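Q: Spelled out from the first residue to the last, the chains are:
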Amino acid sequence: MAAFTYAPAIVLLPFVSFLVALFAGDRMPKGGALAGITATGGSLLLSIWVALTVAGGDVHNEILYQWTTSVETLQLNFGLLLDPLSALMLLIVCLISFLVHIFSLGYMNDEGETGLPRYYAGLGLFTASMLGFVVANNLLMAFMFFELVGLCSYLLIGFWFRDDGPPSAAKKAFLVTRFGDYFFLIGVVGIFATFGTGLFAPITQGGEVVAESFPMLAEHAIVDGETAGIAMLETVGMGPQQWFTVLGLLVLGGVVGKSAQFPLHTWLPDAMEGPTPVSALIHAATMVAAGVYLVARMYGFYALSPTALAVIALIGGFTALFAATMGLVKQEIKQVLAYSTISQYGYMMLALGSGGYIAAVFHLTTHAVFKALLFLGAGSVIIAMHHNENMWDMGGLKDRMPVTYWTFLAGSLALAGIVPFAGFWSKDEVLYEALIHGFGTEGGLGTAYLIAYAMGLLAVFFTGFYTFRMVYLTFHGDARSDTARDPEPVRWNVKGPLTVLGILATTIGFINMAPVAKLTGAEIDFLHKWLNGPENGGWPAALNTGLHHYEGLLHDVSHVVKGYPLGETPTLLASAGVSLGLALAGVLVARTLYAGADPVEHTDKLGGLKTLLMHNYYQDEYQVWLATGVTYPLARVMNKFDQGVVDGVVNGISSVSLFGGSRIRRIQSGVVSNYATLLTLGLVLLLAAFGIMGGWF
Amino acid sequence: MIPAETYLLLSAAIFCIGLFGILTRRNALIFLMSVELMLNAANINLVAFSLQHGNLTGQVFSLFTMALAAAEVAIGIGIILVLYRNFTDVDVTKATTMRW
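The listed protein sequences derive, respectively, from chains A and B.
Numbering of the first sequence is given in this note's numbering, commencing with residue 106 and proceeding in unit increments.
Numbering of the second sequence is given in this note's numbering, commencing with residue 1045 and proceeding in unit increments.
Hints were generated in silico from the structure; no laboratory data involved.
Mixed in with the good hints there might be a few duds.
As the list claims (entries may be wrong) - Chain B residues, not near chain A, derived (Cβ > 10 angstroms throughout): (1) Ala1048; (2) Leu1063; (3) His1097; (4) Val1104; (5) Ala1114.
What the hints assert, rightly or not - Label-pair restraints from in silico Cβ distances: (6) A:Phe764 with B:Val1091: 50 to 58 angstroms; (7) B:Leu1100 with A:Val755: 56 to 64 angstroms; (8) B:Arg1069 with A:Gln748: 55 to 63 angstroms.
Since the structure is predicted, the reported quantities are computational estimates derived from the model, not experimental observations.
Using N, Cα and C, we set each Cβ at its ideal position, and we do this for glycine too.
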C-alpha cells in the first residue's frame, strides 16, 4: 500500500523541522515556525491518508531496520505498526500539534519572545518523538521514543530558563517521570528476557506468522499451556500468570509516571511553568497521552492479568477523584486545567482497567480535543491578561473576547460532561463500562471496579464544579482588574485553532454515541466499529489487536463479565442519567457560588480542608521528605559503609603490603658479598632439607 | 682406570675454593677468578660423567661452558672497569648504591 510506504515520513517530517529550526531558525522569518507548521501539516495529511487506507481494511506491521544482527535469539528493531488504534492516534497527535504550532505564532511570535528557534525545534522534536512512539511496533522502540518525549518535555517546560520556576519545574518533570520509567525499563528487559521479543502484534507473511508478538506468546502460555518460545516461565517460583502480572505492573510504572497518575502526578501541575501552547501539547496529545496509549497498545497483555487490571482501575478511579478535589480551590486558570488533566487521565486508566478499551480510546480522543481547546483558550486569556494567570484578576472577559469565550465554553461543557458535548459521551461510556463490569465480575476484581466506579462518579460532580467555577470567574461578572477591563486583542492565529477545536469539541462525541446506538439500534458507534474491525478475518485476525480479541481475553482469562443490575436499557439510562445529573449539579453549585457580578471566594468555608487542598494533600512535601528524610540519610549510611568498610579493607591490604615491604627491603644491602652469602646459605639449607627428606643421613 | 669419585672430589674441592674466594675477598678481580674456578669445577664434573657414561654429551656441554665463561669474563671485566671509574676502586663492598 502506497500510504504505508510513506508512513515513516509522518515521523521524519517533524524531525526535519526540528533540524531546520535548530540550525537555520534564526535566519528564517518567524523563527522556524513555518517549517514546523509545514511539517506537521504534511504529517497530518499523510496521517489522513494512512487512516483512510486503514479504514479500507489494510493494516501494516513491518520491521524497517534491525540494529542487532549478531544475536540470533534476540532481535532489536525499529518497525512500524499501523492499525486502527495507531492510525487514530496519529491523527490526534498531528492535528493537535499542527494547531499548537499555529497558535504559537500568536502566543510566542506576536508576544516578542526571544529564543524562538529553540522553541520551535523543541516542538518539532516533541511531535516527532510522540509520533515515533505511536507507530512503534515493539516495546523497546516505544521505550526509546517514550524517553525522547520526556527529554523534550524537559526542554520545553524549561523554555524560560532564566526565571527561577521553569528550570526547577522542568527538572521535576524529568526526574519524576524518569522514576516511573525506571520500572518501565526493568519491565522492558523482563519482557525481552521472557519472550525474546517486544513486538506488539505478530508479523505475518501470506497468512503465516513469521514473528510472534509477546502478548500472543503470553496468551498461548496461559490459555493453551503452549509455552514454546518463552524463555522464562517459572520465574522465582511464580507461575506464568503471576510473572506476567509482575511484568505488566513494571511497565505500568512508566505509564503512571508519564500519564501523571497517583502517586507520580506531582510533576504535572508544576509543568504549567512552560509556555501555554506546550502545556496544550503535553496534556492533549503527547507525553501524558503516551502512558494511556501504551496500555491500550499492549492491552492484549494486560487483559490476561486480573490483578493488573484491578490495579489500573483503582489507580485511575482514585486519581480521577483525588486530582478533581485539588482542582476545586486553585486560583490560577492553568492550575485548574492541570488538575483536570490528571483527573481525566484517571478516567482513561479506569476505563482500561475495567475492560472498557473503546471507552478509554474514545475518552483519549475527545479529551485530546477539548483539553487542547481549553489550554489554547487559557493561552488566549493569558495573552489578553498580559500573562497574569490569576482568575481573581479576570472577570467579564465574555464580551471583550467572544471567540475565546464561546470556544472555551464548548470545551468546558465537554470537560464537565454535559450532553451533547464530546466529553459527555466518552466519560459516560467510561463509567458505564466500569459499572456493568463491576456488577458482572465476581470476586475482588468486581469489587475493585465498583470502588473505582464510585470514585469516578464522585469526581464527575467535582469536575462540573471546578470547570464552571473557572468559566464564571474568568469570563462572567464584572472585570476585577484594569487589564481585564482592557484586554489585549488576539489575532487570527489564536482564534483559528480555537474555532477548529471548538467545533470538534462540540461534535467529536458523535463518533461513538454508544447509548443512542443501543437505544435506537442505529449503527452509529463508528469508533467501536473502527477498533473492532470485521468479526471474522481481516486485520484483527492478523494482528490480534482488535476489540473482539480483547473482549474474548477479558471474558475467558480475567473473567470480566458484564452485569446489568436493572436490566440492560435501564442500566444504560440510569448510568448516563446519574453522571449527567452529577455534572449538572456541579455546574449549578458553581453557578450559585460564583456566577454573580462580583463573586467572592468561598473556599475559606472549607476550613482546614482548604489548606489541605491548597497544599495538594502535602504530596510534594512528603515526596521531598522521602528524598531528604529517607533516601538521603540512607545514601549517607551507604556512603559511610562504602568509605569505611569496603574502602577500609582495600586500604588495609595495601598498607599491610607497604609496611611489610618497607621492613623486608632492608635485606637488600647492595653489597654483592652479602647476596652471595645468602645464596650460599640458601643452597646449603636446600641441600640439607633434601638430604633429611631424602634420607641421606 | 681412575674412578669417577676422584674427579668429583676434585671438582667439589675446586668449587669450594671458588666459593670461599667469593665469600671472603673484596677485590672484584679475585671475584672474577673465583667464578672461573667454580665454572671449571662444573666442567670437571661434566667431563667426569661423560667418561663414566661413555658418551660425549658431557664433553660437548663443557665446551659450551668454556665459550660461555669467555663471554662472561669479557662482560665481567667490562663491569669491573666501569666500577673502577665510578668508585675509583675495585672493592665490591664499596659499591652499594644499587639498593633501596
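Q: Which of the numbered hints are not met once you compare them with the structure shown?
A: Violated hint: only 2; rest satisfied.
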